Every structure is written in C-alpha cells, then in structure tokens.
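Taking the hints into account, I'd like the entire structure generated from these sequences.
2 protein chains.
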Amino acid sequence: MNASTGHDGLDVFLRKLLSHSPLPTDDQAAIRALPHSVRHLDANNYILREGDQSGVCPILCSGFAYRQKSTREGGRQIVALKIPGDALDFQSMYVRTIDHNLQALTAVDLVIVALGDFEKLVGDRPAIARAVIVDILIEASIGREWLLNLGRRNALSRLAHLLCELHYRLLDTRSGGLDARDVPMTQEQLADLLGLTPVHINRTVKELERRGAVVRQGRGIRLGDIPQLRLLADFSDTYLHRDAGVP
Amino acid sequence: MNASTGHDGLDVFLRKLLSHSPLPTDDQAAIRALPHSVRHLDANNYILREGDQSGVCPILCSGFAYRQKSTREGGRQIVALKIPGDALDFQSMYVRTIDHNLQALTAVDLVIVALGDFEKLVGDRPAIARAVIVDILIEASIGREWLLNLGRRNALSRLAHLLCELHYRLLDTRSGGLDARDVPMTQEQLADLLGLTPVHINRTVKELERRGAVVRQGRGIRLGDIPQLRLLADFSDTYLHRDAGVP
DNA sequence: TCCTGCCATCAACATAGATTATAGGCGGGA
DNA sequence: TCCCGCCTATAATCTATGTTGATGGCAGGA
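If you read the sequences in order, they're chains C and V.
Under my numbering, think of the first position of the first sequence as 1, with each following residue one higher.
Under my numbering, think of the first position of the second sequence as 1, with each following residue one higher.
Careful, some of the hints might be misleading.
Have a look at the derived ranges for each label pair, beta carbon to beta carbon [claimed, not checked]:
hint: 1; chain 1: C; residue 1: Asn154; chain 2: V; residue 2: Ser37; range: 53 to 59 Å
hint: 2; chain 1: C; residue 1: Asp243; chain 2: V; residue 2: Asn45; range: 24 to 30 Å
hint: 3; chain 1: C; residue 1: Pro227; chain 2: V; residue 2: Arg76; range: 47 to 53 Å
hint: 4; chain 1: C; residue 1: Val38; chain 2: V; residue 2: Lys206; range: 41 to 47 Å
hint: 5; chain 1: V; residue 1: Arg203; chain 2: C; residue 2: Asn154; range: 20 to 26 Å
Source of the hints: derived by calculation from the structure; they are not laboratory data.
Owing to the predicted nature of the structure, the values given are computational and were not obtained by experimental measurement.
Beta carbons are placed, not taken as given, at the ideal position from N, Cα and C, and that holds for glycine.
Structure below.
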C-alpha cells in the first residue's frame with residue numbers, strides 16, 4: 001500500500017481535478033504525495049462489486065472502465081463510463097455499500113489509495129473537498145444527459161452522442177480527444193452503454209460510416225466528421241461543466 | 001428572505017436528512033433556524049431553468065417536482081423526481097450554471113434559503129456537509145437505477161419500478177408511503193418519466209390494473225399488491241441507501 | 001348551472017429495434 | 001505458422017412501442 005511510482009498515476013488524476021477545480025500548490029503536492037499502490041487488470045475484470053464495502057479509492061490512470069447494473073433477467077446496462085484520470089469510488093467515503101459493479105472495459109492501470117488516507121486529505125483540505133464534490137456533481141450531470149439519451153433519442157443519435165461525449169471528456173486530460181484514436185469498446189459494449197442490442201449497434205455504426213460521420217478500418221472506429229456527429233447527436237457540452245468550479 | 005414560518009417547511013427537510021444521516025442536536029437547531037422565505041407555485045411552473053445561475057437553495061416542503069431535459073426535436077425526459085423534504089439545488093453551491101430545468105409537478109410549497117446562508121451552514125458544520133453529500137450521492141444512485149430501467153426494462157416493469165420507488169421513498173418521511181394515496185402524476189407525466197408515450201402508458205396502467213397490482217377510481221391510481229409490483233419491477237431498495245450514512 | 005379545457009380512452013396502423021441463426025475474419029497464443 | 005476464440009457481418013422474421021386521430025368524461029371557473 002505504498003510503492004511510490006514516482007510520477008504518472010496520480011498526475012493524471014490531479015490534471016483531471018484541475019480541469020474543473022483550481023487547487024493551491026500545497027494541495028496539489030499533497031495529492032501527489034498520497035501513499036498508494038499500483039495495480040494492473042485485464043479487460044473485463046471486476047474492480048468493485050455491488051454489495052461490497054470498499055476500503056480503497058481506486059483511480060484509473062490508463063484504460064477505460066465502467067459502472068454496470070443488471071436486471072434479474074440478465075439485461076445489462078452500463079450506467080457510467082470512466083476515463084483515465086477519473087477516481088472510481090469517492091462514494092464509499094460517505095455511504096456504506098456499493099450499489100453497482102465496476103468493471104474494466106479495456107486493460108487498465110489503477111492507482112489504489114486507502115480510503116482512510118483519502119478521507120484525511122479531504123478533511124484537512126477544503127479546496128480538495130470541494131473538487132471532489134464538483135467531480136461527483138459532474139458525474140451526476142452526465143447521468144442525467146444519459147437518461148435523456150436513453151429515454152428520448154433513437155439509436156443513431158444515441159451513438160453519435162456517446163462518441164461526442166467521449167471525445168470532449170478526453171480532451172480535458174489528453175490532447176486530441178478521440179479524434180485520432182480508436183473507440184475503445186466492442187459493439188457489444190456499445191450495446192450495453194446505449195440500451196440496444198449488438199446487432200442493432202452494427203447496423204447503426206454502418207449507417208454512421210455511410211454518412212461519413214465515422215471512419216473505420218478493420219475493427220477500429222474513429223471520428224470522421226465531428227460537426228456532423230454533434231448535429232446528429234443534438235450535442236452540447238454544457239452538461240459536462242467544462243468550466244465548472246465556482247471561483 | 002426571512003419570514004420564519006415557525007415550524008413546518010424546514011422540519012420536513014430535517015427529517016429527510018435524518019433519514020440517512022445522524023446529526024447532533026445543535027446542527028439540527030441550526031437547520032431549523034435558517035432564515036428563509038416561503039413560496040407557493042401552481043403545477044407546471046418552472047422553479048429553475050437550464051442556463052440559470054441560481055442564488056437560492058429551494059427546498060420542497062409539499063407537493064412534487066421534477067428535473068427535466070429536452071431534445072432539440074422536443075422529446076422531453078424527466079431525469080429526477082423530488083418529493084417533500086428534498087432540497088432541489090445543492091448543486092449551485094459548487095457549480096456555476098444549471099444543466100436542467102426544475103419544474104413543479106403538482107402545486108408545491110417551497111422554502112427558499114439564500115445560497116450564501118446555506119454555504120455558511122455547510123462550511124461551519126461538518127456533519128451537515130456530510131449529510132448534503134450523502135443526499136447528492138443517493139440522488140446519483142437513483143439516477144443509475146433509472147438508467148437501468150430505461151435501458152433494459154420493458155414498459156410494465158418500468159412503471160411498476162417507478163411506483164415501488166416512489167412508495168419506499170415516501171416512507172422515509174411520511175408514514176404510509178404511496179399505499180393509500182393517489183399517484184400524483186398524469187399519464188403524460190408518467191410517459192416523460194419512463195421514456196414512453198402517453199398512449200402506451202395508458203395501455204400499461206390498464207395492464208397493471210388487470211393484474212391487480214394497482215387499483216384505480218376515476219383518474220386516481222393507487223397501489224394494490226405491493227409484492228406483485230416488486231416482482232414485476234425486479235425491485236430491490238438497496239439503491240435507495242435507506243440505511244446510508246457511514247457512522 | 002353550464003361551459004371549457006385538460007385528461008383519459010381506444011382503435012388501426014406503422015416502425016424502430018429485438019431475436020435468432022449463420023457465416024466469416026482478424027488477432028494473439030503456442 | 002497454424003489454430004482457436006472472440007468479434008463483426010448480415011439476413012429473415014417478429015414484436016413492443018410509436019403514431020394519428022377521434023371520442024368522452026371529469027373538474028374547476030364563471
């Protein structure tokens with residue numbers, strides 16, 4: 001539970017926090033100084049399970065992960081998508097049991113911080129406490145937009161919307177967004193994200209390609225025409241609160 | 001911005017907080033002592049609008065309200081449902097602009113607290129700050145369950161699920177839950193809650209009635225057979241965190 | 001008391017997306 | 001280099017839910 005890796009993992013996390021909340025330099029140093037361990041997981045592995053009581057705060061430093069819930073009949077829905085820099089479980093500092101499953105989408109590298117250490121950090125440093133709350137609120141806002149997506153948009157718009165969101169979220173921590181990078185999920189995962197079936201995702205991806213909104217080579221999908229995607233998706237990035245923190 | 005009503009409004013709010021977070025008695029007194037004004041609105045009126053920068057923290061003390069977003073094409077989705085005792089906008093303490101519309105579902109009575117007064121309360125009293133965060137996290141958890149509902153359940157389950165949720169949430173502040181009370185929304189509002197059309201809601205309500213899960217007289221709907229509703233809905237109340245606060 | 005408007009109801013028809021099943025290709029491990 | 005397993009592709013058929021439009025009733029205001 002220590003093994004300082006030097007720089008990388010916590011740095012992405014810090015960059016993510018700074019993207020919406022300014023922090024004094026000593027707070028920044030305190031974050032970088034957090035004792036932690038590093039952990040690698042292959043795609044599809046569970047990070048946390050529904051019903052668990054977690055003692056750690058995992059932070060995603062590379063790869064993608066998601067929150068997921070399922071129906072008794074086996075329907076599976078991804079309810080949140082996490083990208084590098086995201087903390088995966090602030091919630092356990094405040095609430096006893098975990099209400100969803102957290103799973104690796106690709107191979108991931110995690111930084112694991114003990115919950116107690118994180119609680120101390122938040123208790124001692126009001127600016128960090130505020131940044132954590134802002135982070136929680138932005139995730140909630142994204143959830144509301146997803147509800148609109150699932151409830152009121154058709155397959156084509158839903159997919160376009162997801163791609164736009166991912167692009168702009170990635171822009172906050174790494175340059176280029178999704179522009180020159182392959183979409184990291186399989187068609188089955190896209191289906192679980194969008195409340196559709198893999199078969200229909202296949203049709204929909206092809207339709208986006210036909211319109212030139214997206215370009216494919218082999219299994220990879222990457223963005224073609226972002227303005228068109230935004231139009232198809234009815235996308236506006238205000239819900240991401242990319243300005244965010246009240247000063 | 002004062003006009004102390006004596007007891008009622010802030011009391012429901014306090015009861016709601018206590019349902020998930022214990023608070024020392026002086027914190028409770030501080031909440032009851034908050035300067036505030038009272039406001040009545042008729043059904044369908046807006047309480048806050050997307051893009052606003054709010055200076056107040058409205059608390060719902062009677063009636064129902066909802067958060068709502070719409071598509072460019074006019075599709076309307078209710079993304080959260082608020083019941084008496086709920087604070088309607090903690091978010092504005094931490095984030096600049098409002099990302100959704102907040103609207104009265106029935107006629108409502110609001111208690112309006114100045115954001116600054118609320119910020120001071122939260123800044124001075126850690127137990128209240130924690131209770132506010134728990135409240136935010138529970139709303140987020142409900143949002144995740146709604147995503148599962150919209151993405152992976154059919155109309156009958158969705159409606160049954162909504163009724164169960166409302167019942168158990170009401171149980172936390174007033175006795176009897178939804179048991180002996182009419183469901184407060186019209187079929188059109190139910191449609192906007194569940195991502196369906198009013199016509200299909202009509203079919204679905206009738207089906208629930210046929211099965212005896214629900215009883216109707218005139219326009220009113222009330223719960224008939226709660227165990228059956230739970231079964232149809234695949235409902236479990238863990239996501240409501242009715243135990244919640246880590247002690 | 002009557003009028004007016006919202007809300008529920010119902011039917012006929014249309015369609016987006018689900019289901020099922022089969023085939024083919026790419027990539028990574030041995 | 002070959003093989004195996006996962007992922008994508010595609011077609012045929014089915015169904016849950018949407019659409020449109022017409023009817024009737026209850027409730028609240030004048």
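Now the hints, each set against the structure:
no.: 1; hint: Asn154(C) <-> Ser37(V): 53 to 59 Å; in the structure: violated (44 Å)
no.: 2; hint: Asp243(C) <-> Asn45(V): 24 to 30 Å; in the structure: holds (29 Å)
no.: 3; hint: Pro227(C) <-> Arg76(V): 47 to 53 Å; in the structure: violated (26 Å)
no.: 4; hint: Val38(C) <-> Lys206(V): 41 to 47 Å; in the structure: violated (57 Å)
no.: 5; hint: Arg203(V) <-> Asn154(C): 20 to 26 Å; in the structure: holds (21 Å)
Checked against the numbered hints above, the structure breaks hints 1, 3, 4 and satisfies the rest.
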